[in-house]
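Novice: For reference, the chains in residue letters:
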Amino acid sequence: MTTIELIWYTVGVLLTLCVFSFLIKDNPFYKFAERLVAGVAAGYWTMLVFHTNFRDKVILTMQNGQWAYIIPILLGIGMWMRFSKKRSWISRYSIAFYIGISTGVSVPVYMYTAIFKQMSATIVPFDTVTSVLVIIGVLCSLFYFFFSKAHTGAFGMASRIGIYTLMVGFGAGFGLTVMGRVALLVQRVIYMKDYVLALIGS
Amino acid sequence: MIFWEKMMNLDRRWIYLCIAIVVIIPAIKTFKVPVATTPEVKKVYDFIEEMKPGEYFYLGIDYDPSNLAELDPMTYSILNQAFSKDLKIVIACLSQFGVGMAETRLAEVGGKYGKKSGIDYCFLGYRPYPAICILTMGVDFRVTFPLDYYGVSLDSLPIMQGIKNLMDVKGVVDITGGNIADFWITYGNGRFGYPVALGLTGVMSADYYQYLQSGQIFGLIPGIKGAAEYEKLSGFETSGLRSIPYQTLSHAVILLFIIISNIGYFATRRRMAK
Numbered sequence: 000m001t002t003i004e005l006i007w008y009t010v011g012v013l014l015t016l017c018v019f020s021f022l023i024k025d026n027p028f029y030k031f032a033e034r035l036v037a038g039v040a041a042g043y044w045t046m047l048v049f050h051t052n053f054r055d056k057v058i059l060t061m062q063n064g065q066w067a068y069i070i071p072i073l074l075g076i077g078m079w080m081r082f083s084k085k086r087s088w089i090s091r092y093s094i095a096f097y098i099g100i101s102t103g104v105s106v107p108v109y110m111y112t113a114i115f116k117q118m119s120a121t122i123v124p125f126d127t128v129t130s131v132l133v134i135i136g137v138l139c140s141l142f143y144f145f146f147s148k149a150h151t152g153a154f155g156m157a158s159r160i161g162i163y164t165l166m167v168g169f170g171a172g173f174g175l176t177v178m179g180r181v182a183l184l185v186q187r188v189i190y191m192k193d194y195v196l197a198l199i200g201s
Numbered sequence: 000m001i002f003w004e005k006m007m008n009l010d011r012r013w014i015y016l017c018i019a020i021v022v023i024i025p026a027i028k029t030f031k032v033p034v035a036t037t038p039e040v041k042k043v044y045d046f047i048e049e050m051k052p053g054e055y056f057y058l059g060i061d062y063d064p065s066n067l068a069e070l071d072p073m074t075y076s077i078l079n080q081a082f083s084k085d086l087k088i089v090i091a092c093l094s095q096f097g098v099g100m101a102e103t104r105l106a107e108v109g110g111k112y113g114k115k116s117g118i119d120y121c122f123l124g125y126r127p128y129p130a131i132c133i134l135t136m137g138v139d140f141r142v143t144f145p146l147d148y149y150g151v152s153l154d155s156l157p158i159m160q161g162i163k164n165l166m167d168v169k170g171v172v173d174i175t176g177g178n179i180a181d182f183w184i185t186y187g188n189g190r191f192g193y194p195v196a197l198g199l200t201g202v203m204s205a206d207y208y209q210y211l212q213s214g215q216i217f218g219l220i221p222g223i224k225g226a227a228e229y230e231k232l233s234g235f236e237t238s239g240l241r242s243i244p245y246q247t248l249s250h251a252v253i254l255l256f257i258i259i260s261n262i263g264y265f266a267t268r269r270r271m272a273k
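Those sequence lines, one after another, are chains H and R. Sequential numbering of the first sequence, starting at 0, is according to numbering that gives the first Met the number 0. Sequential numbering of the second sequence, starting at 0, is according to numbering that gives the first Met the number 0.
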């Protein structure tokens, strides 16, 4: 490991410790690390968008005489008119265009993928114990969210099965969340362990 | 009974301390934990393994440094597996911070196999609005990305000769820590019918198993456990398999705390009822 790499490694370890210090209580070291991340992220994103999008789609297209791009550029400028009290009405055309396109493109395909395909997968194939359990679980979960009837008798029992089904889902989600959060901690511990080993080695 | 009341009001910093201690143990004394592979991870592995040299697939690197711990091992293993088999990869980022992640890994893994940008892989860079990007890549890569990340025209890249759009790749593997996965399911699979597989963070994974059952995705790598499974299958290891002993001990402690707090809850509730 070179000296430069070791210096960056040290910076990484120190910032990790600054962030972890929040677990004891809020402090200036944590605030420094937090603001550093926010600042670097904002600066990086702004420059990335400028160089990979604004330059390519606005500056270069105009320089190359690709005049069709003038339409989205005008719509983009229209968006900025939102900040003018007198001309804010212009922004409505840009927003209307954007919403119109987004809705037209997304609604049919979203209905297909998120509703019809999922409904179909709930019912078909109806050939295993698992598929029967899925149907019972889905129907009972839907019963739980039906509030126009008191949850008593057979309906109450079905809604009770529904809440248990939901609890199983939440449990799976919680377990995976714990795994994800622990993974973040473990990655930093491994990083710091490797740093110590590199320090001893160097 | 006082013990349970004390446990119910335990300062959370004691829990942090316990977790800190148990994650330090494997760092000092390493040990191995067996990792069983699941069908959803195996399907992603098989998809790449069954491809022939020179065939294309799309790899989406759509995560930022906050998801690095879980998702970076997946990228590492997949890139190693693909480059070792001489597959052609089209890589793009629909999440702004993915660029840095992709560039680092491509330099490291690509360099290891002597792979060159524009010949063995094409790194397209970043574009905003994932839905529009997926739809336009379905028509022509050159509409979304006239130039690659390094500013070279796609038409002049040897790897992009004879490949026009996403229909020309065998499938899509998207590694993401955000809602880009939804866009690939909705537009990539729903609109165009591309075979899509996802590598996701643990937090997200539970919400995407339904798409596996419905066939809208053909494979799923869930969190660090999935990454460890992929490392085991491919034989290319970074921090996935290494994390599992830490995970095992941490989960054991968290389970212990859940059991203690539940006993404490019922014990104190009974006392309150009296």
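Watch out, some of these pointers could steer you wrong.
[As the list claims (entries may be wrong)] Estimated spans, in silico, between C-beta atoms of each pair:
no., chain 1, residue 1, chain 2, residue 2, range
1, H, Gly99, R, Ile259, 50 to 60 Å
2, R, Val32, H, Arg91, 51 to 61 Å
3, R, Gly161, H, Ile114, 36 to 46 Å
Honestly, the hints are just simulated from the structure, not real lab data. Here the structure is a predicted model, which means the values were calculated and not measured. All C-beta atoms in this analysis are idealised placements derived from N, C-alpha and C, irrespective of residue type, glycine included.
Novice: Run every hint past the structure and note whether it holds.
Specialist: To see whether the hints hold, each was checked on the structure:
no.	hint	in the structure
1	H:Gly99 to R:Ile259: 50 to 60 Å	holds, 56 Å
2	R:Val32 to H:Arg91: 51 to 61 Å	holds, 59 Å
3	R:Gly161 to H:Ile114: 36 to 46 Å	holds, 38 Å
When held up to the earlier numbered hints, the structure conflicts with none and fits them all.
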